[in-house]
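Chemist: Here's the letter readout for the chains.
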Amino acid sequence: MWCPFAYTNRKYKLWADSISATSGFRFRKLGESRVFFIVQYKQLKEGAGMPWSKKGKLLIAMASGIVGFIFVILLKSTGVQGVQTVRADTSIPSLVQTEQENQLMANDNEKLRQELSQYKEGQNANLLANQQLLKAQINAGLNEVKGSGIRITLDDAQTFSNTNNDPNYYLIHEEYIRQIVNWLWNGGAEAIAVNGQRITSTTEIFCSGSYIQINGTRQMAPYIIEAVGDVHNLQSALKFYFWDRLGEYQQQYGITRRLEVPTETITIPAGQLKKFKYAEPVKGG
Amino acid sequence: MRKKVLAVSVTCVAIALGFLISLSIQTQKDVEALDLLQSQRLSSVKNLLVAAQADGTRLKEEHNNLMLQLDQARNQGGTSPELQAQLDHYQMMDGTTAVQGPGIMITIDDRQQDHKTVFPLTTDDLMAISNILKFAGAEAISINGQRIVAPTAIVMSGSTKLINQVPITRTEGMPYEILAIGDQDQLVDYFSKLEATGLKQSGISVSIVRKTLQIPSYKGSYSVGKGS
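These protein sequence lines map, in sequence, to chains A and B.
In terms of our numbering, the first sequence opens at residue 1 and continues consecutively.
In terms of our numbering, the second sequence opens at residue 286 and continues consecutively.
No lab work stands behind these hints, which were simulated from the structure alone.
Given the structure is predicted, the values throughout are model-derived calculations rather than measurements.
Where hints are given, some of them may not hold.
Said to hold, decoys possible - Below, in silico cross-link-like pairs of lysine-lysine (DSS-like), each with a Cα-Cα straight-line distance of 30 Å or less:
#1 288(B) <-> 57(A)
#2 120(A) <-> 283(A)
#3 288(B) <-> 54(A)
#4 274(A) <-> 496(B)
#5 135(A) <-> 277(A)
#6 478(B) <-> 275(A)
#7 57(A) <-> 146(A)
#8 283(A) <-> 345(B)
#9 111(A) <-> 146(A)
#10 496(B) <-> 275(A)
#11 57(A) <-> 289(B)
#12 146(A) <-> 135(A)
#13 289(B) <-> 54(A)
#14 331(B) <-> 345(B)
#15 146(A) <-> 274(A)
#16 314(B) <-> 76(A)
#17 55(A) <-> 274(A)
#18 496(B) <-> 485(B)
#19 76(A) <-> 331(B)
#20 277(A) <-> 496(B)
#21 55(A) <-> 288(B)
#22 496(B) <-> 345(B)
#23 274(A) <-> 345(B)
As the list claims (entries may be wrong) - Going by beta-carbon spacing under 10 Å, a handful of chain A positions derived as facing chain B:
#24 59
#25 66
#26 70
#27 74
#28 100
#29 102
#30 104
#31 112
#32 116
#33 120
#34 135
#35 139
#36 145
#37 184
#38 244
Think of the CB as a built atom: it goes at the ideal place given N, C-alpha and C, for glycine as much as any other residue.
Using the sequences provided together with the hints, build the complete structure.
Modeler: Right, here's the structure in full:
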């Protein structure tokens, strides 16, 4: 008679042995694994005069049937690995994103509506367009910006102190400047210039060998990054791992990483007018 | 003596059986409740998402309508064409107007695949990509619908990437879609030589298609000229 109990453990083997000694259940080892099945039960020899009654056999058969059934149900409901509560909920990030986009779109629409109502109130169209023009001019970085801000100086190491090291550690790379500019924008900078080159929407900061190309001009070390904005916010924005890493490079390899908060106002020069050859504005959209 | 042993073992078995049955019922109940909760939660999020998307399309229609009305108002108001052209030019520079023109569409797939290891795209990669495109003379760039302008910051917030403070991480479809308007040959050439090779070495799939594109406007705000 088979019973769906399986023992995989040494402890259970001992237990199984003691059971078989007292009750007459016999367990069999299955192959090389330590799995034991009850394969049969046997009357004890001394109790030959007292066989299991038919009713008893039936009861035991029923009991094992029920146990097997329950076991299967349990396995089915929980899975082989147990209850799995983690189900990737993919909708939440896209929900957040859609709502953010909606918010921005609503703000934009509100602006347009205001403008439209100004037209409807009979405001001079040219005057309104001029106001917009001035705003766009400032946003596009075509005006000089003055204000309080911070100045960061990055410079290559003056000497290669250890020639065994990668010479790259002694130099300032485009990535450093790009990262710092990115984090300064993140800190709410109003305007940024690198070596006097205003950073605009289309400004590249691209390494071309010994110099870094910015706005199509060649810039060499030292690189002076100036940003106008809230001095406190700009400084906190710099507190990211990259800034610390530059500090380590400064100590180990002798590059320069200097942060100044000048008391005088910083002047960020105006950017160049960009000519568009390919792009044109979409009307009515 | 034999009867006693039998009685004890039968009792034990009965207790164990009872315990098992109650455990099984309890587990079944828990699992059902959990399933119900999960499906409720999922459907409520789905509903919200559908509502938000409907809102989005409504807002877009409204936006188009307003733009048309505004154009009419400008024409009626007699804005001089020169002034309008200059305004358009500046607004293309600051990215506050949507633009169209020839360009390239780059789709990047950094999802894990069975047959190879993929190193997912980082914010540094996104910065490098937009930088290369600017270097190649792109006149307008967007990443997952976010226009790249001067004050654009690309940062991580938890496991989500933010561009212009908007989460751009996608859970369905292509993870990244980057649009750039400019000289198509130059854009393809620079991007494929300077950036795509490295990405492919990280196991990321990159495809570049030349097409005529529309790039959305920057919807965030400019802080320049506000105080300080």
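Chemist: For every hint, state whether the structure bears it out.
Modeler: Results for each hint:
For the proposed pair residue 288(B) and residue 57(A), the alpha carbon gap of about 15 Å is at most 30 Å, so the pair holds. For a cut-off of 30 Å, the pair hint linking residue 120(A) to residue 283(A) stands: about 20 Å separates their Cα positions. Simply put, residue 288(B) and residue 54(A) have alpha-carbon atoms about 16 Å apart, close enough for the 30 Å limit, and the pair holds. Proposed proximity of residue 274(A) and residue 496(B) is supported: the alpha carbons are some 23 Å apart, at most 30 Å.
Our distance criterion of 30 Å between C-alpha atoms is met by residue 135(A) and residue 277(A), whose separation comes to about 23 Å. The hinted pair formed by residue 478(B) and residue 275(A) meets the criterion: a straight-line CA distance of about 26 Å does not exceed 30 Å. Of the pairs offered as hints, the one joining residue 57(A) and residue 146(A) is violated, with about 98 Å between alpha carbons and a cut-off of 30 Å exceeded. At roughly 14 Å between alpha-carbon atoms, residue 283(A) and residue 345(B) fall within 30 Å of each other, so this suggested pair holds.
At most 30 Å may separate the alpha-carbon atoms for a hinted pair to count; residue 111(A) and residue 146(A) meet this at roughly 27 Å. For the suggested pair residue 496(B) and residue 275(A), the alpha carbons sit about 21 Å apart, so the restraint of at most 30 Å is met. The suggested pairing of residue 57(A) with residue 289(B) holds, with an alpha-carbon distance near 18 Å, which does not exceed 30 Å. For the hint pairing residue 146(A) with residue 135(A), the CA-to-CA distance comes to about 16 Å; that is within 30 Å, so the pair holds.
A threshold of 30 Å between alpha carbons decides the hint, and for residue 289(B) with residue 54(A) the separation of about 19 Å falls inside it, so the pair holds. For the given pair, residue 331(B) sits about 21 Å from residue 345(B) by alpha-carbon distance, which is consistent with the 30 Å threshold. With a C-alpha separation of about 22 Å, the suggested pairing of residue 146(A) with residue 274(A) holds against the 30 Å cut-off. In summary, the hint linking residue 314(B) to residue 76(A) is supported, as the alpha carbons are separated by about 13 Å, within the 30 Å threshold.
Only pairs whose Cα atoms come within 30 Å are accepted, and residue 55(A) paired with residue 274(A) is rejected, the gap being roughly 98 Å. With a C-alpha separation of about 22 Å, the suggested pair residue 496(B) and residue 485(B) falls inside the 30 Å cut-off, and the hint holds. A threshold of 30 Å between alpha carbons decides the hint, and for residue 76(A) with residue 331(B) the separation of about 28 Å falls inside it, so the pair holds. Distance restraint check for residue 277(A) and residue 496(B): the Cα-Cα separation of roughly 16 Å lies within the 30 Å cut-off, and the hinted pair is therefore satisfied.
Restraint check for residue 55(A) and residue 288(B): the C-alpha separation of about 15 Å stays at or below 30 Å, so the hint holds. Taken as a hint, the residue 496(B) and residue 345(B) pair is honoured in the structure, with Cα atoms around 23 Å apart against an allowance of 30 Å. A hinted pair counts as satisfied when its Cα atoms are at most 30 Å apart, and residue 274(A) with residue 345(B) qualifies at roughly 29 Å. Because the smallest distance between the Cβ of residue 59(A) and any Cβ of chain B comes to about 8 Å, under 10 Å, the interface hint for this residue holds.
Hint on residue 66(A) holds. Least Cβ distance to chain B is approximately 7 Å, under the 10 Å limit. Given hint, residue 70(A) at the interface with chain B, holds; its Cβ is 5 Å from that chain's nearest Cβ, closer than 10 Å. Because the closest C-beta pair between residue 74(A) and chain B is about 5 Å apart, less than 10 Å, the hint holds. Checking residue 100(A) against chain B by beta carbon gives a least distance of about 5 Å; that is within 10 Å, so the hint holds.
Taking 10 Å as the C-beta cut-off, the interface hint given for residue 102(A) holds, the closest approach to chain B being about 5 Å. The closest approach between the C-beta of residue 104(A) and any C-beta of chain B is roughly 4 Å, which is under the 10 Å cut-off, so the hint is satisfied. Restraint check, residue 112(A) versus chain B: the minimum CB separation of about 4 Å is within 10 Å; hint holds. About 6 Å separates the beta-carbon of residue 116(A) from the nearest beta-carbon of chain B, less than 10 Å, and the hint is met.
Among the interface hints, the one on residue 120(A) holds; its C-beta lies about 7 Å from the nearest C-beta in chain B, closer than the 10 Å criterion. The closest approach between the C-beta of residue 135(A) and any C-beta of chain B is roughly 8 Å, which is under the 10 Å cut-off, so the hint is satisfied. For residue 139(A), the shortest C-beta to C-beta distance to chain B is roughly 4 Å, which falls under 10 Å, so the interface hint holds. A distance limit of 10 Å between C-beta atoms decides the matter here; for residue 145(A) the minimum to chain B is near 6 Å, and the interface restraint holds.
Annotation: interface hint on residue 184(A) holds; nearest CB of chain B at approximately 9 Å, less than 10 Å. Hint on residue 244(A) is violated. Least Cβ distance to chain B is approximately 16 Å, over the 10 Å limit.
Checked against the numbered hints given earlier, this structure breaks hints 7, 17 and 38; the rest are met.
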